[in-house]
Amino acid sequence: MDIELQEIRDFVAQHVLFDELPSALLDRLVNHLTIRYLRRGQVFPPVEIADRQLYLLRSGAVELRDSDGNLIEKLAEDDSFIEQCLHNNKVDISGHVCEDCLVYHIPCSIIQKMRAESVDFDKQFSNSVEQRIKNAVSQGQQRGDTQSAMHYLARDLTDRDPVIVPSNETVVNTARLMTEENVSSVLVVENNKLVGMITDRDLRRRYIAKGLDKDTPVSKIMTTNLITIEDNTMLSEALIFLTRHQIHHLPVMKNARPIGNLSVSDVIRHLSTNSAFIASDIEKANSIEALVHISNRLPELHLQLVLANTSSRQVGQIFSMLTDSLTSRLLELAEQELGTPPVPYVWLAGGSQGRNEQTSHSDQDNALFIDDAMQPGDDEYFSALSQFVSDGLNACGYVYCPGDAMATNPQWRQTVSVWRDYFNNWIEKPEQKALMLASIFFDLRPVYGDVSLFESVHAEMLSNARRNGIFIAYMVANALTHRPPLGFFRNFVLIHDQEHDKTLDVKHRGIVPIVDVGRVYALSEGLNAINTSERIEAACACGAMSQEMSENLIDALEYIGNLRNQHQVELIRYGQKADNYLDPRKLSGLERGHLKDAFSIIKSMQDVLEQRYQAGRMV
Amino acid sequence: MWSKLFGINAKRQRLFELLHSGALYDLYSDPFPNPKSLIKDVSFVVLDFETTGLDIKNDHVISVGLVEIQNLGIKLTTAWHNIIKTEKNLPESSTVIHKITDDMLLQGVGLRVALDKILTSLKGHILIAHHAQVELGFLNRLCQDIYKCNFLIPTIDTQLLAKRQLLRNQIMLQENSLRLFHLRDRYNLPAYKAHNALSDAISTAELFLVLVAELYPDLDCTLKDLGLKY
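Chains A and B are the protein sequences, given in the same order. Position one of the first sequence corresponds to residue 1131 (the numbering used here), numbered consecutively onward. Position one of the second sequence corresponds to residue 370 (the numbering used here), numbered consecutively onward.
If we strip away everything but chain B, and leave its shape as in the complex, we get:
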C-alpha cells in the first residue's frame, strides 16, 4: 500500500500522466523492473557524462557514453558515444581534461537527439553510474528544459556500492579512494589510458561486475540487495 502510493512506480505513473508523447513518455509507459528480480535477469544501462563542470544549472553536458549490461555481460554492440552540440564556447580547463574542442562539439548531435537516445535506451532498464548524482542532475535538468517534466529512474551508484563493499571489509576510506580510477586499481582492473565518456562508462560497468561478484560471489542477488528500495 505504502509503495503503491509513494514508491518509485507510483511516482513514475504520476509523471507518465503528465506527458502525452515522446521518449520520456515512452520511458514512463512501462513499470520499472521489480526490485525482487535477480540481477542476472535485469538489463542495465551504464551511463557517463562529460560536462563543463559540476554546476547542474550553469554547466553543460559535452559528451555521453553508454553501454548495456545483460545477463551480467557488458555488450559492446550497445556501446554508444556522442559529443553534444552546444552553442556556448567551452571553458579552457574542461577542454584540457576531455580533449574535446569547440570544433568537435559543432560536429556532435543536438541535445534533444542525445537525450532521446538516452531515454530510449533506459526503457525497461536500471541506470548505473559512478557518482550518479551528476548524471541524474543533468538528466533531470534536460528533461525539465525539453519535456517540462522531472526525470526518474531506479539507479545504482557504483560509488555507493564500492563504499559499502570497502566498509564491509573495514577498509579505511581516503579522500580519493572512491574515484573510479582508484577503485579499478584496487580491484585489479586494467587501466584504460583514454578518458572519455564511453571508456568511463565501460570502466564503470566493469567495476559494477566486480563489486557484485565481491559482495555476492554466487551472483544470486536481487536489485533490492544492491540497495534499490521502492
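Extracted from the complex, chain A is given alone in its bound form:
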C-alpha cells in the first residue's frame, strides 16, 4: 500500500474496532475507503449511498435519533457508526449532520469478508454489548495474575518530605534534628542542590569514632556521590539499587529536587501493608490516635489492591470489613470509657458499608437499635456512645454523613419498636421524599452488638415490603431517578438532548443506578442479601430476574467499579483526595466504549423496571 496513505491509515488504526486488525487487513480496509463531505443539516446516513456502509467520522458531528425522535447518540471525530453492518433488517436509526463532516466509509460487504478472514476482528465486531463488558472485566482480572505489587513507583512510598539540612550545618545540630524528626538519615543541600546524605551510621563511624570537634559541619562527614532515583522509578528497580549497592537509603528525585528518601524499611513496611496486617493492628489499637494512625494506611492499601487488579467487588468487601473492625474497636473503646451499656443494643452500618461496597473514600452511614427495655435516661449513655464512635470514624477519614443519617442523630438512635414503626410507616404510607432518605436504612447490616435486635425487624420489613405494590412502585420510581448517560460526545458526557456534563459522576450515573436496582429486587422479592451483587444473584436464583440480565448487571457494576477504583488510586498516588468524577478526556477510546456498553445495560434494566411497575406515573 502507498506509504502516502499513512495518515489515513494511522487514523483508522487508532479506532477501537480496528486497533487489533492485522496489518494486511488494515491496508485493505484503507484502500477500500471512500471519503465524503457531508454538509450541516444533511440526513445521516446519506441517502445517496445505496448499500450498507460502516462510517468513521474524521471531523464534524452527527446526531442519531430513534424512531420516536429521541436522541440516542452524538458522534464526533474518531467515532464510528457500525449499525448498518450489524443487522440484516433495516436499522431503525436516523440522524442528521449537525456540523459539517468529513467521513470515511467502507461497504459492509468488505467488512464481512474481512471478518471471515480474521477471527479476532470478527470477535471484536460481532461481540454483543454484554460480551464486550464480560471480556473487559475478565481481561482486567487476568492482568492481575501477572502484575505484582512491584509495579509500584518510588513516589508511591515517599509519604513524607525528606529532612534536609544545609551543608554548613553542624553535625551536632543535625543529630539533634534527626532525633526530633525521628529519622535515621537526612539529605544535605548546597545552593538548592543535593550534595550528600548523613545517616546514623555516618554519625557513629565518621564523627563519634573519630572524635571530631562539635563545630564540624556536616559536609565533612557526609556521604557524597549519592545514588538517587527518579520518582517514577519502579519499586522493583529501586529494590535492586538498594541491594546491589548495599545501601540503606535512596533519595527520590523529581525535577532535580529531592522529594523523599526511600529506605529499605519503607519497602519492607510497604510489602506488609495488606489487609490482614491492618485488621490485626486495628484489634490491638488502644486509642483513637492509634486507629487514626492505622487508617492513614488505607489509601495505600487501596492503591495496592487496585494495582494487583483485585476485583472491585472484593475491594468493597475488604474495605467494608476493615471499617467494621474499626467500628467495633471504637465501640469497645467507648464501652471501656462509658461502662457497660444499660440495655443491649446493636450498631448497624448503612449505605456502602452496609452493602460491603466501600472504598478508601467513603463517608459514614449508621444507626443504633436499642432493646425495648430501655429506660428514660438511658439515652444519655447511647448518645455519648454514638458520639464517640462517630467522631472516631470521622477522625479516621470516614466523614460525617451529609444527610445526618448517623446514630448521633436521635431519630436514628431508637428502640427496636420505634424502628419497627419507622419501617411500617415507610412501607404502608410511602412518600417519595421520605423514601429517598430511607433507602440508606434498607441496606442496614449489623456490625456490633446483639444481632437478634435487628433480625426480627429486618425479617418483618422484608415480608411487609414485598406485599405492598405501591411501596415497591415508589422504590422503583426512586431507582429511576438516577439515569446513566447516553455516552460521550467529544470531551463531554452526553446526558440527553441539549445536556452535556464536563465530568462523569461515576457514582451517581453508573454505580447508584445498579445499587438501586438491587435494592428494588431485594424488597420486592424479600431477599435477605444486602450486597448489590448478592442481591442480583439472589434475584436470579429465585427467578425474578433473568440469568442474562443478572450476569450483565454484575459485569457492568464490576467494570464501572474498577474504573472508579483506578481513578481514585490515581488521585491518591498524586496526593489528591479521592473522588467520583472522571474526566472524559482522560478515558481511552476503549474505556469510553466499555462504559457506553455498561450504560446501555443499565438502561435496558431500567426500561424493564419502568414497564413492569409503570413507575413513570409516580414521578
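The hints are simulated quantities; they were obtained by calculation from the structure and are not laboratory data. Heads up, the beta-carbon is just placed ideally off N, CA and C, and yes, glycines get one too. Just to be clear, a hint being listed does not mean it is correct.
[Unchecked claim] Straight-line alpha carbon distances no greater than 16 Å define the calculated EDC-like cross-link-like pairs of lysine to aspartate or glutamate that follow:
1. 562/B to 1137/A
2. 454/B to 428/B
3. 444/B to 1157/A
4. 1733/A to 1260/A
5. 409/B to 589/B
6. 562/B to 1140/A
7. 409/B to 1178/A
[Claimed, not checked] Derived coverage of chain B by chain A (criterion: at least 3 residues anywhere in the stretch with Cβ under 8 Å from a Cβ of chain A; other residues may be distant):
8. 440-446
9. 565-575
We have chain A already, so just place chain B on it with the hints.
This is chain B only, laid out in the frame that chain A set:
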C-alpha cells in the same frame, strides 16, 4: 454550431485525428463528458504533481499523486502515487520541500509509464487540480515530448472555484488565502502532516467536495455550473 467548430470536443477530435495509437490516442477517442451532466454522475481525476520548480520548460515532474472522485466520494481504491525516474540531479531546495532524494528517484517509474498511467486514468473523466496550470503545463509538455501532440482535458481548478466562493461571500483575499493549506484551514478540514503528491491530491479532492457543497448545498449542479464551458 459554434461549439462544434471551436469547442473543446472539436479540438479533441482534431488532435485525435493526428494520433494513431497510445494512451493519448485512447484518451481522445471518446468525447469529453457533457457539460450539462450533473456532477454526481461524472467521474473526476484529482491530480497533483511535485516538481523541481515552476518553469515548465526546464523543471521536472518528480512525483505524481492522483485519486478519483465518483458519485461525489473520493475512492481510495483509485489512489495512486509514484515517483518519476529522472536522470538529472535534483536541486537542493526542492529536496527539502518534498523529501525525495536522488536515490528514491532512481527507484521510481519512467516518465513514459507515469504519463500513460495518468492519461489512461483521465479517459472519460474531468481533471481537477489546485492551481491547475502547473499540472496542465507539465502534461502538455510531456505529451509534446512523447506524443508530439498537445494535451487537452476539461479541467476544474479548485483555486478558481475557491476564489469564486470566497468572493461571493465578500471575503477579502490576501496573498496566501488561495493556497491549499489555507483553504483547508478556512473550511475546517483536518490538516495533513505529510506533504506529497498523493496527500495533496486527496487534500484537493476534499476541498473540491467542500466547495461544491458550499456553492450548491443541494449538490444539484452541472459541470457547466462549475465553470466548464465548451
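Hint numbers not upheld by this structure, sorted from lowest to highest: Going through the list in order, the structure violates no hint and respects every one.
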